[in-house]
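Per this note's numbering, the sequence shown starts with residue 172, numbered consecutively.
It should be emphasised that the hints constitute simulated quantities derived from the structure, not laboratory data. If you're wondering where the values come from, they're calculated on a predicted model, not measured in any experiment. Honestly, I wouldn't trust all of these hints.
Unchecked claim - Pair by pair, the computed Cβ-Cβ distance ranges are:
no., residue 1, residue 2, range
1, 193, 309, 37 to 43 Å
2, 180, 311, 44 to 50 Å
3, 299, 234, 33 to 39 Å
4, 284, 192, 33 to 39 Å
Glycine is no exception: its CB is placed at the ideal position from the N, C-alpha and C atoms.
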Amino acid sequence: MTTNPRPYTHALNRLKEAGLRPTRQRLALARLLFDNGHRHITAEQLHSEAMSQNVKVSLATVYNTLHQFTEAALLNEIVIDSGRSYFDTNTAPHYHFYCEEDGMLSDIPAEAVQLARVPNMPRGTELASVDLVFRLRRQSARSAA
């Protein structure tokens with residue numbers, strides 16, 4: 172006889188493995204983030220999803236939770252500019268395309284990009300990671316011809 176796991180089991184396990192206390196709000200947000208595959212999402216988008224699922228949570232709590240999840244290595248934050256960040260559930264090394272017109276962010280596999288040369292690091296430092304975002308603009312019909 173097999174039993175179906177409870178709907179929140181995956182999210183609960185992710186929080187426990189990251190050392191985060193599974194509060195009601197963290198658990199609800201983790202389910203929205205992690206239960207349907209990899210995704211890129213802003214705090215505002217997650218807040219909107221939470222509200223549409225009748226999850227009572229403030230935008231400030233969403234921001235705080237996203238940053239806690241990032242610190243616990245459950246998410247990566249991709250800073251597009253000073254006023255716009257996306258949170259990525261795919262924490263494996265990879266890069267991104269960002270479409271300026273519609274805000275679409277999509278993954279580029281790490282092996283699809285080759286860095287020919289990395290500059291020498293300042294003394295006493297080491298490379299922690301490389302964040303690479305290719306900013307795209309849709310071609311107008313006139314310039315595409």
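Verification of the supplied hints:
1. Distance hint for residue 193 and residue 309: a CB-CB separation of about 42 Å, consistent with the stated range 37 to 43 Å.
2. A beta carbon spacing of about 49 Å between residue 180 and residue 311 agrees with the range 44 to 50 Å that was offered as a hint.
3. Remark: the range hint 33 to 39 Å for residue 299 to residue 234 is contradicted by a beta-carbon distance near 23 Å.
4. Checked against the given bound of 33 to 39 Å, the beta carbons of residue 284 and residue 192, roughly 37 Å apart, stay inside it.
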